[in-house]
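Q: Mind docking chains B, C, D, E and F on chain A? Use the hints.
Protein chains in written order, with numbering that gives the first Met the number 0: chain A, 0 to 146; chain B, 0 to 146; chain C, 0 to 146; chain D, 0 to 146; chain E, 0 to 146; chain F, 0 to 146.
Just so you know, these hints were derived from the structure itself, not from any lab.
Take these hints with a grain of salt, some might be off.
[Stated by the list, open to error] Pairwise CB distance ranges, derived in the manner of DEER restraints:
id : chain 1 : residue 1 : chain 2 : residue 2 : range
1  : B       : P54       : C       : M0        : 54 to 64 Å
2  : A       : P87       : E       : G128      : 35 to 45 Å
3  : A       : H84       : E       : A90       : 50 to 60 Å
4  : E       : K63       : B       : T91       : 44 to 54 Å
5  : D       : D61       : C       : M0        : 32 to 42 Å
Cβ atoms here follow ideal geometry from the backbone N, Cα and C, with glycine treated the same way.
Read off the chains here:
Protein chains: 6
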Amino acid sequence: MILLTRRATFSASHYYWNPAWSEEQNTAKFGRCANRQGHGHNYTLEVTVTGEVDPVSGFVVDLKWLKDVIEHEVLDVYDHRHLNHEVPEFATAIPTTENIAIAVWNRLDAAVKAAGGAKLNRVRVYETGDIFADYLGETAEISGEPA
Amino acid sequence: MILLTRRATFSASHYYWNPAWSEEQNTAKFGRCANRQGHGHNYTLEVTVTGEVDPVSGFVVDLKWLKDVIEHEVLDVYDHRHLNHEVPEFATAIPTTENIAIAVWNRLDAAVKAAGGAKLNRVRVYETGDIFADYLGETAEISGEPA
Amino acid sequence: MILLTRRATFSASHYYWNPAWSEEQNTAKFGRCANRQGHGHNYTLEVTVTGEVDPVSGFVVDLKWLKDVIEHEVLDVYDHRHLNHEVPEFATAIPTTENIAIAVWNRLDAAVKAAGGAKLNRVRVYETGDIFADYLGETAEISGEPA
Amino acid sequence: MILLTRRATFSASHYYWNPAWSEEQNTAKFGRCANRQGHGHNYTLEVTVTGEVDPVSGFVVDLKWLKDVIEHEVLDVYDHRHLNHEVPEFATAIPTTENIAIAVWNRLDAAVKAAGGAKLNRVRVYETGDIFADYLGETAEISGEPA
Amino acid sequence: MILLTRRATFSASHYYWNPAWSEEQNTAKFGRCANRQGHGHNYTLEVTVTGEVDPVSGFVVDLKWLKDVIEHEVLDVYDHRHLNHEVPEFATAIPTTENIAIAVWNRLDAAVKAAGGAKLNRVRVYETGDIFADYLGETAEISGEPA
Amino acid sequence: MILLTRRATFSASHYYWNPAWSEEQNTAKFGRCANRQGHGHNYTLEVTVTGEVDPVSGFVVDLKWLKDVIEHEVLDVYDHRHLNHEVPEFATAIPTTENIAIAVWNRLDAAVKAAGGAKLNRVRVYETGDIFADYLGETAEISGEPA
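Excised from the complex, chain A in its bound form (with noise of 0.2 Å):
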């Protein structure tokens, strides 16, 4: 078995916050995440994807194909963007690490099965270099519904 990842970063703000809770439960829960002015990373993302390797180019995908993929699917998305604010999927879900690694898995699993021959194998967002959360896939839907 053989897997190949890229990985690539965006900055974006964020902020947590249950729209069906007081502003005194929201502090309780997500501290000063719940600061609507919001505050921001540097997130990392890494992207594995997994298949065989071509006898012809000794590539699993097209490493400059995966690039540009990711920019187009995510980073013209996400980056320089408020995530609650701008970001359609977070609309309606907390960007966590966790819900930002589904929903990134969400944005390149059709592409990736679109162009063939190599499956997505993992997401990864670093929130800081202190924090991340790594999704698998199986589940289709973001968690978290704030709204």
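A: Below, chains B, C, D, E and F alone, put in the same frame as chain A:
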């Protein structure tokens, strides 16, 4: 000459906008950074002091004290905040990496001087792993006057 | 499947020594690590949990809670300590990277289980940037019985 | 289950070229990597083994031994070399990150098996900080047959 | 005094060889680096400029402009190239880390001067994470004259 | 002006203790670092030299020679050692990061001078990724006189 440096991190939102300019001028100058929804970064701060090594303790300064000063003077004000909207010095100055470095110096200099013995030597601010500014003092005000 | 990981660090001393062996045997097996004056490392710990994403919070677990558990169960006992002399599980087991990973798992597993909802998935311990061990559970005791 | 990993680095040149194709086809597929003057990387290798923790030593394997095996079987052949021209397995296979991971596995597997007790679990090769391949075994030959 | 730094990377091949010397002399001096098949590195470049912070933009220089200058003046010439065979300044000078730092300075200095306002302050080149050279200007020619 | 830097690492134990003080005074000043069981770190050393670039070799100094000097003068004495108990200069000086930087300078300065041509410019010591000291020479003795 001996220098002692302590690193710290904070996560914050910002955007670049000069209110004297039109939307077109701001976008032409600042690109995606002009998006007033804001975006964010994990900033890394390096605070360097210089002085004599105390023959009794082997310290230039007590690093626990320096950590507390950085937390109280900078992190409590900047971390998990929107720099443009919540930090006083950026009400009238654009929160570029350069201006953040100068502002952090200004926040720390008085406290270091008040403690006696050591002097602030340099403040480095990383906006990402690929971009950083160093301020070495001698000017009192941060630049950029959008208001 | 979703995994959430939190990193933490501690600084500790250790040495490798099997009291059933002679000085020569210990040195032959453990090299410079057999020096009983001890030496030390900045250890980095990665604690990974797995579970469902809570639809209300978007969390697998509350990372603030996980940080507190790691601090209370591991860092308070290991940080700025001599592992051989001050940590109970290494009174009778050699504090190799492998055994530290197992011991950290054992220290965290009960607390994660008690909280309900998520399960410990992996403990990774970096002794240096070039050496690390992963423990994925299923054995209850740490190995190595020097005493 | 316990895994132990050792990291190592080597610096080498390579290029991507399929001799069955024209210059145009190679450039279309491989872009700047098709430049036959070659270019190079600081490769980072992570070699992971799995096994029982020896109750006498606390080791899965002796890391000094593992380091020597990596140096002898891989670094002595790859470091400061041109992979296409000086390493036998790349005479007929393109030295992509995927193929290097498989080739390193094939170089190490016999030595680890011969030592007994532990098994090779994974070989990760970083071409840069942003690109890496993982090979987990089970296929004997590296892919890519330009010749 | 304020300094602003931008990091960039390139991957290239090189070797060390003085044509005035015999094979034995080259190997005695340069060791494995004298292998004329070449080997390569992921080089990291840090380009530092100094100047006044523009009160209108908060910039010392526009980082997008600086990125473009580095790409056009350096990366387009060095990246995915064999430094000895494809880069003019290394036709007659050995591409050591020191000489690369000087050569990058010489490539950037005119462009930075032409833009006005800021001055080049330092060029740092990392050959690996463990080896780097800093050039701070004032000498016009790179050293090493193998030809 | 050209600077060349080589990085090296060592793992060692230490503690902070002034024998002229009571246990209470030591704990008040040094906190957890006063634990005389000791704790340890992976120290990273950066040794910077400055000089002319030799026109024949393109070298400021031979990095292989510099590596050997660092290993012989510093690593052989500090690595896998307890600094307080096994390194002569810390019998009477507290092994703070500041004092280690000065001590490493003193160990290297004579050897670099003896070689001729280049001069020691800076010694940086990282105790962790977040704390480092730089020594730039000019004072001959390390400070701190616990004995």
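Q: All hints are to be evaluated individually against the structure, with a verdict given for each.
A: Checked hints:
| no. | hint | in the structure |
| --- | --- | --- |
| 1 | P54(B) to M0(C): 54 to 64 Å | holds (58 Å) |
| 2 | P87(A) to G128(E): 35 to 45 Å | holds (40 Å) |
| 3 | H84(A) to A90(E): 50 to 60 Å | holds (55 Å) |
| 4 | K63(E) to T91(B): 44 to 54 Å | violated (24 Å) |
| 5 | D61(D) to M0(C): 32 to 42 Å | holds (34 Å) |
Against the hints set out earlier in the document, a violation occurs for number 4 only.
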